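In case you want the letters, here they are:
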Amino acid sequence: NAGVTQTPKFQVLKTGQSMTLQCAQDMNHNSMYWYRQDPGMGLRLIYYSASEGTTDKGEVPNGYNVSRLNKREFSLRLESAAPSQTSVYFCASSVNRQYEQYFGPGTRLTVT
Amino acid sequence: DQQVKQNSPSLSVQEGRISILNCDYTNSMFDYFLWYKKYPAEGPTFLISISSIKDKNEDGRFTVFLNKSAKHLSLHIVPSQPGDSAVYFCAAYAAGNKLTFGGGTRVLVKP
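In the order they appear, the protein sequences are chains R and V.
Under our numbering, the first residue of the first sequence is numbered 1, with each subsequent residue one higher.
Under our numbering, the first residue of the second sequence is numbered 1, with each subsequent residue one higher.
Treat the hints as calculated values from the structure; they're not laboratory data.
Owing to the predicted nature of the structure, the values given are computational and were not obtained by experimental measurement.
We treat Cβ as the ideally placed atom computed from N, Cα and C, and that holds for glycine.
Just so you know, nobody snuck in bad clues.
Coverage of chain V stretches by chain R, computed from C-beta distances (three or more under 8 Å per stretch; other residues unrestricted):
hint, segment
1, 43-52
2, 99-109
Derived pair list, reagent style DSSO-like, types lysine-lysine, alpha-carbon separation capped at 27 Å:
hint, chain 1, residue 1, chain 2, residue 2
3, R, LYS57, V, LYS98
4, V, LYS98, R, LYS71
5, V, LYS37, R, LYS57
Same shape as in the complex, but just chain R (with noise of 0.2 Å):
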């Protein structure tokens, strides 16, 4: 078991390209997560899948678009990349509800 994948580890993007990060989990949960992580703000919730086919924004969507391509995955994507997008992003899935959710490593993306 893998647990919860992010690609890619590391990004580096000029402002206004747009970029897609991936994640995947093999634990057959229902539920999966986006979030940012900034110095000092924890982790902020950009958007949520409660369940397969279904999408909701979260605390900070703006900027950001997902797409539920399956169970298994779980896609975030940035269309034009800003510098304030500087951030560590994690992926997280849990079964159905959202106590225990488990994470990717992350993705650490430095927009210039």
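Let chain R serve as the given structure and place chain V on it in line with the hints.
For chain V alone, kept in the frame of chain R given last:
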């Protein structure tokens, strides 16, 4: 407005002694609380949780205490070990809502 606050950004403790991490919250609707541990370059991992109907939960060296009237919870690590050096996040959940995280406390356990 941070609903979950960890007011101590860092904590240094000697190996074998107790580490006490604190967390305050403002939303009285929170009914489930969790602690996550995070090593550098890794994702957070679930450590221990407590329901609002309890005031204490213990798992090995880790104990979480909840004081609902003060809207305060704490994590005790006894005895502290060098491998406990990490960032610890407090998180809280209200039914039907999202998990809300605190800003984290970096713990350094000195040998």
